[in-house]
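Could you build all of it, start to finish, from the sequences and the hints given here?
Note that the numbering used here has the sequence shown beginning at 146, numbered continuously upward.
Incorrect hints may have been included.
[Unchecked claim] In silico DSS-like pairs for lysine-lysine, Cα to Cα no more than 30 Å straight-line:
#1 184 to 257
#2 184 to 281
#3 257 to 281
The hints are simulated quantities; they were obtained by calculation from the structure and are not laboratory data.
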Amino acid sequence: MFARLLVLLSILCVALPLAAADLRRFTPTGNELQGYLGKGQWVVVKIWSSDCHICNREAHAYQDFHEFNEDADVTVVGISLDGENQQAAKGFIARHSITYPNLIAPFMSGAKWFAQLTGQRFIGTPSFLIFDRQGKLRAQQGGAVPTEMLEQFIEANDNS
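Quick look at the structure:
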């Protein structure tokens, strides 16, 4: 009986993170992101790829940031640039137990969208976009960004 329970719990431990790994296709228009913007919350967009060492290193910090703020006024949305390699992206999400929503795009489409949106050349992953409560892009940053800096930026720029 104990062995059956252990097997069942093992299956659940594997299946639950995989359930969070549902990825929606992100197109160069960026329309999929619009559903998250301008709804009275700050939105932190984390652009990542499964083979990015920094993305892997800071994944748990952003999951914690999401969990801490999900009932507050900040939400996190991920955009994977793993393109057609959905298995790698899903593996990343499962490995890090990520529960915030994620979209997936081919690298070049995502880089082009970033450049059009920000007027800046895309330098790689991770990259971050911060949108205010009205959905206006307020900041972009390439490279690692500690979550404490995000909190400070949002606090300093929140006019609500």
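Here's how the hints hold up against the structure:
1. Simply put, residue 184 and residue 257 have alpha-carbon atoms about 26 Å apart, close enough for the 30 Å limit, and the pair holds.
2. For a cut-off of 30 Å, the pair hint linking residue 184 to residue 281 stands: about 11 Å separates their Cα positions.
3. Among the hinted pairs, residue 257 with residue 281 is consistent with the structure: their alpha-carbon atoms are about 19 Å apart, no more than 30 Å.
When held up to the earlier numbered hints, the structure conflicts with none and fits them all.
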